[in-house]
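Asks: Taken in sequence, the protein lines are chains V and H.
Read the first sequence against numbering that gives the first Met the number 0 and you will find it ends at 145, with the numbers running on by one and no gaps.
Read the second sequence against numbering that gives the first Met the number 0 and you will find it ends at 111, with the numbers running on by one and no gaps.
Hints listed in this document are in silico derivations from the structure and should not be mistaken for laboratory results.
Because the structure is a prediction, the values reported are computed rather than measured.
Keep in mind that the hints are not guaranteed to be accurate.
Unchecked claim - Derived DEER-like restraints, expressed as beta-carbon distance ranges:
# : chain 1 : residue 1 : chain 2 : residue 2 : range
1 : H       : Glu-99    : V       : Gly-5     : 50 to 60 Å
2 : H       : Gly-87    : V       : Glu-128   : 35 to 45 Å
3 : H       : Pro-96    : V       : Ala-98    : 34 to 44 Å
4 : V       : Ser-65    : H       : Gln-77    : 25 to 35 Å
Stated by the list, open to error - Mimicking EDC-like on lysine to aspartate or glutamate, the simulated pairs with C-alpha atoms at most 16 Å apart in a straight line are:
#  : chain 1 : residue 1 : chain 2 : residue 2
5  : H       : Lys-74    : V       : Asp-19
6  : H       : Lys-85    : V       : Asp-19
7  : V       : Lys-43    : H       : Glu-86
8  : V       : Lys-117   : H       : Asp-35
9  : H       : Lys-42    : V       : Glu-38
10 : V       : Lys-29    : H       : Asp-35
11 : V       : Lys-29    : H       : Glu-63
12 : V       : Lys-118   : H       : Asp-35
13 : H       : Lys-23    : H       : Glu-63
14 : V       : Lys-43    : H       : Glu-63
15 : H       : Lys-42    : V       : Asp-104
Glycine residues also receive a C-beta, built at the ideal position from the N, C-alpha and C atoms.
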Amino acid sequence: MVCDAGFVDSFSVEGRAFIDAGLISSQIKKILREKGIPEEVVRKVAVVTFEAEVNIISYAEVGTISFQIAPDAITIEAVDKGPGIPDIDLALQEGYSTADDTIRDMGFGAGMGLPNIKKFSDIFEIKSEVGEGTYLKSIIRINGSP
Amino acid sequence: MDLKTIVDTLGLEPHCCADKLTGKVTGGYMGDLLSDVMANSAKGQLWVTRQVHQNIVAVAALKELSGIIIVQGAKPDQNTMEKAQKEGVPILGSTLPAFEVVGRIYRLLENA
Numbered sequence: 000m001v002c003d004a005g006f007v008d009s010f011s012v013e014g015r016a017f018i019d020a021g022l023i024s025s026q027i028k029k030i031l032r033e034k035g036i037p038e039e040v041v042r043k044v045a046v047v048t049f050e051a052e053v054n055i056i057s058y059a060e061v062g063t064i065s066f067q068i069a070p071d072a073i074t075i076e077a078v079d080k081g082p083g084i085p086d087i088d089l090a091l092q093e094g095y096s097t098a099d100d101t102i103r104d105m106g107f108g109a110g111m112g113l114p115n116i117k118k119f120s121d122i123f124e125i126k127s128e129v130g131e132g133t134y135l136k137s138i139i140r141i142n143g144s145p
Numbered sequence: 000m001d002l003k004t005i006v007d008t009l010g011l012e013p014h015c016c017a018d019k020l021t022g023k024v025t026g027g028y029m030g031d032l033l034s035d036v037m038a039n040s041a042k043g044q045l046w047v048t049r050q051v052h053q054n055i056v057a058v059a060a061l062k063e064l065s066g067i068i069i070v071q072g073a074k075p076d077q078n079t080m081e082k083a084q085k086e087g088v089p090i091l092g093s094t095l096p097a098f099e100v101v102g103r104i105y106r107l108l109e110n111a
């Protein structure tokens, strides 16, 4: 049984704050564990939130990551103010990246971020507007719910 | 096999958290692309990498890896060590290239 169904929280992420990469994901993981979310779900959420966090840090000016616990699923939403993605299908291809050298020097920019988010989500949505920003939603089911 | 056994047998240099080598190593993972490690490594694995930036600590902590071995004599920078100390992530060093380190760990774990 999932405790605290309906719990919602959100965190702000600053662009180019590489020093903080993983901070939000770590906090979300801790909260989910405290709420009794199954370990397999926590692992998937950790991957999704980390990649979303790193994307905002790498490419946007600022963003927010929020999550909601429901009895049957965790929903994660990431929205940012940034350059947006001109070609989402291309961005979803593994290996495609627009990362600069700074990003690559830190081990990021392999072009796996969005593909990883999609892979670890049961339902995945992404919308973007060039010059405005990007929104994505990931739903991860709990306990094999349909 | 516990991490201390691997550290002692391979002569690894603890860069950080020498007092936290009691964790069980369940396997290994080698990679320098953080998204790859995020997606494909598993809890308890020992991560072998050439990366020295502090973001390796975030990845290791999130994935609950048993530790990080930085190869080819590369040293983690100060931010990395401070973050590792704070998160309790052991960082070890080897002067050997990744291929040899991985081979030796693989053999150790297979014979355990």
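Asks: For each hint, tell me whether it holds in the structure or not.
Replies: Against the structure, the hints:
Separated by about 52 Å at the C-beta atoms, Glu-99/H and Gly-5/V satisfy the suggested range of 50 to 60 Å. For the hinted restraint 35 to 45 Å between Gly-87/H and Glu-128/V, the CB-CB distance of approximately 42 Å keeps it satisfied. Our hint of 34 to 44 Å for Pro-96/H and Ala-98/V is violated, since their Cβ atoms are close to 26 Å apart. Our hint of 25 to 35 Å for Ser-65/V and Gln-77/H holds, since their Cβ atoms are close to 33 Å apart.
Pair hint Lys-74/H plus Asp-19/V does not hold up; C-alpha atoms about 21 Å apart against a cutoff of 16 Å. Taking the CA atoms of Lys-85/H and Asp-19/V, the gap is about 13 Å. The hint holds against a cut of 16 Å. Proximity of Lys-43/V to Glu-86/H is assessed by CA-CA distance (about 21 Å); at most 16 Å being required, the pair is judged violated. Note on Lys-117/V and Asp-35/H: the hinted pairing holds, with a Cα-Cα distance of about 14 Å set against a maximum of 16 Å.
Distance check on the hinted pair: Lys-42/H and Glu-38/V sit about 11 Å apart at the alpha-carbon level, within 16 Å; holds. Between Lys-29/V and Asp-35/H the CA atoms are separated by roughly 22 Å; this puts the pair beyond 16 Å, and the hint is violated. A distance of roughly 12 Å separates the Cα atoms of Lys-29/V and Glu-63/H; the hinted pair therefore holds under the 16 Å criterion. A C-alpha spacing of about 12 Å is found between Lys-118/V and Asp-35/H, which places the hinted pair at or below 16 Å, so the restraint holds.
A threshold of 16 Å between alpha carbons decides the hint, and for Lys-23/H with Glu-63/H the separation of about 11 Å falls inside it, so the pair holds. Distance hint between Lys-43/V and Glu-63/H is fulfilled; the C-alpha atoms sit about 13 Å from each other, no more than 16 Å. In summary, the hint linking Lys-42/H to Asp-104/V is not supported, as the alpha carbons are separated by about 25 Å, beyond the 16 Å threshold.
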